[in-house]
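Participant: As you go down the protein sequences, you meet chains A, B, C, D and E in turn.
Using our numbering, the first residue of the first sequence is number 41, and each one after it goes up by one.
Using our numbering, the first residue of the second sequence is number 61, and each one after it goes up by one.
Using our numbering, the first residue of the third sequence is number 7, and each one after it goes up by one.
Using our numbering, the first residue of the fourth sequence is number 88, and each one after it goes up by one.
Using our numbering, the first residue of the fifth sequence is number 24, and each one after it goes up by one.
Just so you know, the hints here were simulated from the structure itself, not pulled from any lab data.
Mixed in with the good hints, there may be bad ones.
With a straight-line cut-off of 30 Å between C-alpha atoms, the simulated DSS-like cross-links for lysine-lysine are [unchecked claim]:
1. A:Lys144 / B:Lys301
2. D:Lys399 / D:Lys365
3. D:Lys206 / D:Lys269
4. A:Lys151 / B:Lys224
5. E:Lys79 / E:Lys42
6. D:Lys436 / D:Lys363
7. B:Lys340 / E:Lys42
8. E:Lys264 / B:Lys301
9. E:Lys42 / E:Lys30
10. B:Lys224 / E:Lys264
11. A:Lys109 / A:Lys144
12. A:Lys151 / E:Lys264
13. D:Lys138 / D:Lys194
14. E:Lys79 / A:Lys151
15. E:Lys79 / B:Lys340
16. B:Lys340 / A:Lys116
17. D:Lys138 / D:Lys317
18. D:Lys138 / D:Lys261
The following label-pair restraints were derived from C-beta to C-beta distances [said to hold, decoys possible]:
19. D:Val445 / B:Leu220: 51 to 61 Å
20. C:Ser53 / D:Ser372: 50 to 60 Å
21. B:Gly118 / D:Gly267: 16 to 26 Å
22. C:Leu203 / D:Lys138: 20 to 30 Å
Quantities reported herein were computed from a predicted structural model and do not represent experimental measurements.
Backbone N, C-alpha and C fix where the C-beta goes; we use that ideal spot for every residue, glycine too.
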Amino acid sequence: MLLEVKDLVAGYDGSRVLNGVNLSLDTGESVAVLGRNGVGKTTLMESIMGLVRPSSGQVLINGIDLARKPPSALAKAGVGIVPQGRRVFASLTVEEHLLISARKRGEWTVKSVMELMPRLGERRTNLGSQLSGGEQQMLAIGRALVGNPKLLVLDEPSDGLAPAVVGQVGDVLTRLRSTGLAVLIVEQDLRLAFDVAERVLVMQKGEIVHSSSTAEFRADGKRAHALLGVG
Amino acid sequence: MDWFVANSVTMVNGIALGAVLFIVAIGLSLVFGTMDVLNLAHGSIALIGAYVGVAVLGGGASSALSFAAVLVAALVGLLAGVLLAVLTTSVRDHLRQAMLTLGVAMIVGDLLLMVFGGDVKTVPPPPALAGSVPFLGAPYPVYRLVLIGVGLVVGIGLWLLLEKTTIGAVVRATVNDRGMVEAIGVRTRLVLAGVFGGGAALAAVGGLIASPLMGAQPGNDNLMLVYALVIVVIGGLGSLKGAAVGALLVGEVQTVGVALLSGYASFLMFAVMAAILLIKPAGLLPSKHGHGGGH
Amino acid sequence: MSTINNEKTTVDPGTKTPAPRHAVRGGGRRRWLGLLLAVVALLVLASVPLWLSPYPVTMLSRILAFALLVVSVDLLTGYTGLPTLGQVAYFGAGAYAAGLTGIYLTTNAFVQMVVGTLVAAALALVTGIVAVRTKGFVFLMVTLAITELAHKQAEAMALTGGSNGLSGIPGISILPGGEPIALVGYLYWWVLFVFALGVALSVILVRSPMGRSMRGIRDGEERMRAIGRRTFMVKLVAFTFAGSLAGMAGTAWTAQARFVSPGDMAFALAAIALLSVVFGGAGTIWGPIVAAAIVILIRDEIGAIADGRGGMILGFVFVLAVFLLPRGIAGLSRRRAAAVGPTPIAGEGDEL
Amino acid sequence: GGSLGGGSGGSGGTSGSVKIGLSVPKSGTYAALGKDMEQGFKLYLTQNDNKLGGKTVQLVETDEGNGPQTGIPATERLVTQDQVSAVVGLVNSATASGLANTFNQNKVPLIVANAGSDKLVDTPSDYIWRTSFTNGGVNAPMGAKVKEEIGSGSVYLLGSDYAAGKEQVGGFKKAFTAAGGKVAGEEYTPPFGATTDWQPYLNNVRNSGAKAVYVFYAGSEAVGFVKQFKQFLGGTGIKLYGSGFLTEGSVLDAQGDAANGVQTSLHYSDQLDNPKNKEFVKAYSDAYKTSPTVYSVQAYDAANVLAEALKKADGTTGEAIGAAIGKVGQIDSPRGTWSFNAQHDPDQKYYLREVRVVDGKRVNAVVEELKAG
Amino acid sequence: MSEALLKLEGVSLHYGSLKAVDDVSFEVERGARHALIGPNGAGKSTLFSVIGGARKATAGTITFNGQDITAESESTRARAGLVRTFQHSSLFLNMSVLDNVALAVEGFEGRPWRFFPSPRADRKIRERTMEHLTNVGLADRAGELCGNLSHGERRQLEVGMVLACNPTMVLFDEPAAGMSAAETHRFMDLIESLPADVTVLIVEHDLDLVFRLAQSVSVLAAGRLIAHGSPAEVREDEAVKVAYLGESEGAEPLFYSGGSDVA
Ligand SMILES: Nc1ncnc2c1ncn2[C@@H]1O[C@H](COP(=O)(O)OP(=O)(O)OP(=O)(O)O)[C@@H](O)[C@H]1O
Ligand SMILES: Nc1ncnc2c1ncn2[C@@H]1O[C@H](COP(=O)(O)OP(=O)(O)OP(=O)(O)O)[C@@H](O)[C@H]1O
Ligand SMILES: [Mg+2]
Ligand SMILES: [Mg+2]
């Protein structure tokens, strides 16, 4: 197993947001995590990455427990993240973002990322704070890619992207999957989530309450709506 | 024109003073601009540097000893900086940083008083630079002329390091979002310690090379801190060029300015600072990288 | 840099968190409890001259005057998000004005207080027009400049006695034409009266809509503009009010010391006043007051007998406080903890 | 307890002993000065079996610190809390003026052992005395002397920009111009360590064509100034005169060669050739491994004054001691005998001193006794 | 056709050589539900900043409610009823959710300078505030510190806050970004339930939302207005298809059975 999360409990200042989450992901697999606002999706992603320190439980990468290690340890173990809210560096240029993130050799280089998203090339010298929302999102994705991760964690990557670009992101992610990259994605745009993921998890109140294949999930719209709290 | 001739030496002298102040101030600016820590113990580190001079060169200077003093000061500064970095990592709020570092400054000030006493101590310049040369019609100390060169070298070196290598970018990114830098695989603790250590080493060396001019004594820590704060804010926070311009300006204000308006000498520096901030609140040459983020 | 307050009171999504009563005041038991505590504290303070000898009472007068100065710093730093080193300028202005009034005009304490407060207010208004255009670290430095310039002016002026200070101030009298008070206990009562008045006004201010606007500026000035607020005016009013309060504290200082020196408007005093706010918990009233007392006790009481190690002891206290009291003294009480927020000096940080 | 009663005054300690307060800076800019004073005062006590006028001394010490903010509460504490019978010390003039009320009200005498502001109090009282000097007084004798030395040339005046600096330089200026001297320029530099570079002022001096410079600087400013004077005006033949604090105490070592030949006026030098001083210097050097300074002598004399007063006093209350100080008459001091004048300041001799190297040691050699200004 | 509430004539904003907004003119009628769409970096947010007053246009005039507001400050515009939301939430993180909205309510309904306590006025403000919070579904989070809210919750609060400003016209910058389907639905209901005289200008990439809410749509690309019209017209516009929509649009139903109207 590339990633195994066992009984993960995490929260903020003593209060719990995640109440024992379990999930696993194999090389080349892709999983979507869905759920309403505030159920703890971001907290889950960030505690996998080490950005939030779990209070108990394990985060195993290739069988080694890296829970409570600094995020850099996870990055080195091959996890890359596109965080919610983008978190681009306000005072770095686009190019600098990519340069400092390109720490592992691999398919993705500064050049190939700029080819993938030409807009980033056009804005090469803009500071992070001088990008439009969508440009920032592209940059966040590019930043994760140049690290050549084995597991890509995406927290609402379509947030703020124009439909055409969302489509492109979907295409890119699908292509990445075929190169053996594992993808863990949180997404509100169901179309994108379904395009990318072969398995769907649904979270409610800090727990995973549903797990099925994407096709299975899509087969029963009523149940899906109930799970996602729509209607 | 007469006035100009009569004061030309004073102007050069202002540049020399500016050069020393630049080396001290740039450390503060770097640590604040890049690490986002307002280090009010910065002046204390400069004073430690001066006392390193007293300890190493107190018995008489030689070229070798002077060189050794610079190394020792840099090393002591580095250690002090790393220590401060460790202390401040978990303290993100500026006011609490101020309380922490000012507390440290108070402790260091008293410790130095205990070890070195309250008397003013002087530090000799390296013997090779101790003399004067005729300069614009009057004798002028060689040492001060050399300081101008040192300031230039330090300034250019830092500029190359920060703007022409990715090290500078990593450092700036660490200020913006520490967690995210970790997430791209950088040990931010090392970055923090490095920048803080480097800034403090500059302060210590700056304090050392300023000591032949200013002596070493209790109270110089505050003096240096205030100079550095004023320079950094005049020039623009976190901006290398800003610090250089600020230091030169303060150097000239404190020399030519006071020679011209000696009756207002005490008021000049702060009045100039207030005036500049009124017109340009972000300082003369604000860092192009901005501060704190855009939207 | 993120200014997100990581303190979390309730997190369980879906759990009902009732609105705290003090958020938008609608009465409530807590308010009465607070009022009760304040009244008890006041009564205890008022009884002090009856059972304490002159020296501690003098010390306490000094503490009260300084604490009022600290509250004025807090109004700007803790509530409005404007870290300041400038309040001592108005403190000094009030102190000198009261002293000069005492020497040349009248010994009447009320007159001295009003004159000192008004002089400080006028000075704060004029300098505030300049200062509140800036924020964060720049504001800090502009206020430092105000303090330094005022300090140098006091040192240079013959009227204020220059660097030797203004001495020969007669004792205050309370009733018109009454005898000057010489006894420490009565002086103390006067200082306590001024202190209580100042603190009461401050508490009313921070709980008023005006106080909420101040906090709004602390947390997001841009946003305040976007919802239609004239932030410049809010800041200017806050600045002038805080300046007057500092001036009022200055008059109390003069009343008990009968001597003013440029050191009363110097950087050193400004620094410990600002640190007292941080130590006590910026954005609360009672925390900084307690901190002010501790700081003065260490400086004047322990420092005097510690063979010159007063500074070092104070330094250790500050350093320890950073680590042991992450939300200041006020953080020891959970109830007000929510009001304590970090104040960025660099201008507000924002997540991207 | 209770603070609504009248001022208490020094209770005086138990019979046979007396409680004395010593308030000198132990921290801050003046810590070095405070140390000299403390040592001078304690030397007297050691020499006299810890007794003053036959009474065993309980010494209560405090830290005057940097200024009135710390000095006033610390000293007030000695009076109102520790209830001492007299207080010795005070470096800072503002602190001393700020405390005058407290001492008068509590009827406890204060013997100022340094602070030199020309007018410490408006009206002399039994409770305020001074064993040191007045700022003007130190420099006035130099007026005629410098005029005599430089003849028709002019003098440039420089000093630290605060009350003491102006009074010191002013004392000289008044006597100098009265003697017909010409002033080429007069500038006051930012005080309290804020000035570290005198090049701009020295440049002005050079441009003014003055033949000599008269200055008041003390502590670190004295060091910085003297060294830079040598650097920038060393070869020009412009002479340097000043108030004795320019070269007094530890600053002289720090100034090094640059100080050679500087002439100053002061009421003391450890080189004074009189038996009392010889004995004092030896005892002091033996005890503290360093030479005494004018600050040590001022505090030493304060102890002497207290001893004399306690001999004459009727009991050990502050009131009794205060009254007795008025009657002590001549004080036999290492600086030569002196007595209090009507202002309660010392009526004393001043000496012209020149920095010379004697037996391999840099000292303030005594050139002559100056005529009163 | 009634007179336009907001009128832009030749508005431009340049960042150096980059023309972020380039000679844009259009009108929004009183009570309209108008959408502004366009690719990433087209200049939508920048245009919002110019309309809202946070940035000054390099050229052009802006008329609101018959008055030229080109030179007015942001707060003046807000008081005149022109209020915007931010693409990146900028809330008062150290204040409670309640205080956040109360600040807005107070600015318009209370006397924000009030210094002395008045329980009556306080109660009124509190009631109004809770009303707004209920509308955006945050009533039960009123006492929470704003900094503790999740991303989506902050977006909801953002909406609550502008509505509390008693706006004549609201500018929404990607209000639904980050909202889950459930929250998006509630948001749409909320906008639909706004009084008809509140004008809405909205930037959004969620086209389902745009096409459900908007009566008219303007399309911005590279700083210029490239199309304008009813949702149906815009959807069919070739230029828009190329610049914005891409190909992936609605090829397959989201769910194979039951309620595919969602998301
Ligand atoms: N920094 C924080 N401090 C305290 N509480 C937080 C913090 N961040 C999130 N929370 C709380 O934790 C809970 C889960 O938040 P989280 O961001 O994980 O939700 P989410 O599922 O990602 O929601 P969304 O879809 O809105 O992004 C929320 O109730 C939120 O209020
Ligand atoms: N401060 C700035 N300096 C230089 N260029 C900037 C600055 N701010 C924005 N830009 C550029 O201006 C263009 C318009 O940005 P804007 O934020 O208005 O786009 P947008 O239409 O809102 O895009 P999105 O849909 O992605 O949010 C972008 O290309 C951006 O890179
Ligand atoms: Mg989330
Ligand atoms: Mg946008």
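Participant: Tell me if the beta carbons of Leu203 of chain C and Lys138 of chain D are separated by a distance inside 20 to 30 Å.
Facilitator: violated, 52 Å
Participant: CA of Lys138 of chain D to CA of Lys261 of chain D, is that 30 Å or under?
Facilitator: Judged against 30 Å, a Cα distance of about 43 Å means the pair is violated.
Participant: Regarding the pair Lys109 of chain A and Lys144 of chain A, is the alpha-carbon distance no greater than 30 Å?
Facilitator: With a Cα-Cα distance of about 20 Å, the restraint between Lys109 of chain A and Lys144 of chain A holds, given a limit of 30 Å.
Participant: For a C-alpha distance cap of 30 Å, please report whether Lys138 of chain D and Lys194 of chain D respect it.
Facilitator: holds, 22 Å
Participant: Taking 16 to 26 Å as the stated bounds, is the beta-carbon spacing between Gly118 of chain B and Gly267 of chain D within them?
Facilitator: violated, 46 Å
Participant: Holds or violated: Lys206 of chain D with Lys269 of chain D, Cα cutoff 30 Å?
Facilitator: Status holds; Cα separation ~27 Å.
Participant: Run the distance test for Lys340 of chain B versus Lys42 of chain E: straight-line Cα separation, threshold 30 Å.
Facilitator: With a Cα-Cα distance of about 26 Å, the restraint between Lys340 of chain B and Lys42 of chain E holds, given a limit of 30 Å.
Participant: Is it true that the CA of Lys224 of chain B sits at most 30 Å from the CA of Lys264 of chain E?
Facilitator: violated, 42 Å
Participant: Sort out whether Lys363 of chain D lies within 30 Å of Lys436 of chain D, counting only the CA atoms.
Facilitator: Distance of about 15 Å is within 30 Å: holds.
Participant: Hinted pair, alpha-carbon criterion (30 Å max): Lys79 of chain E, Lys42 of chain E. Please report holds or violated.
Facilitator: Roughly 14 Å separates the two Cα atoms, so the pair holds.
Participant: Below or equal to 30 Å on CA atoms is what counts here, so check Lys138 of chain D against Lys317 of chain D.
Facilitator: violated, 47 Å
Participant: Holds or violated: are the alpha carbons of Lys42 of chain E and Lys30 of chain E at most 30 Å from each other?
Facilitator: holds, 20 Å
Violated hints, listed in ascending order, are 1, 8, 10, 14, 16, 17, 18, 21, 22; each of the other numbered hints is respected by the structure.
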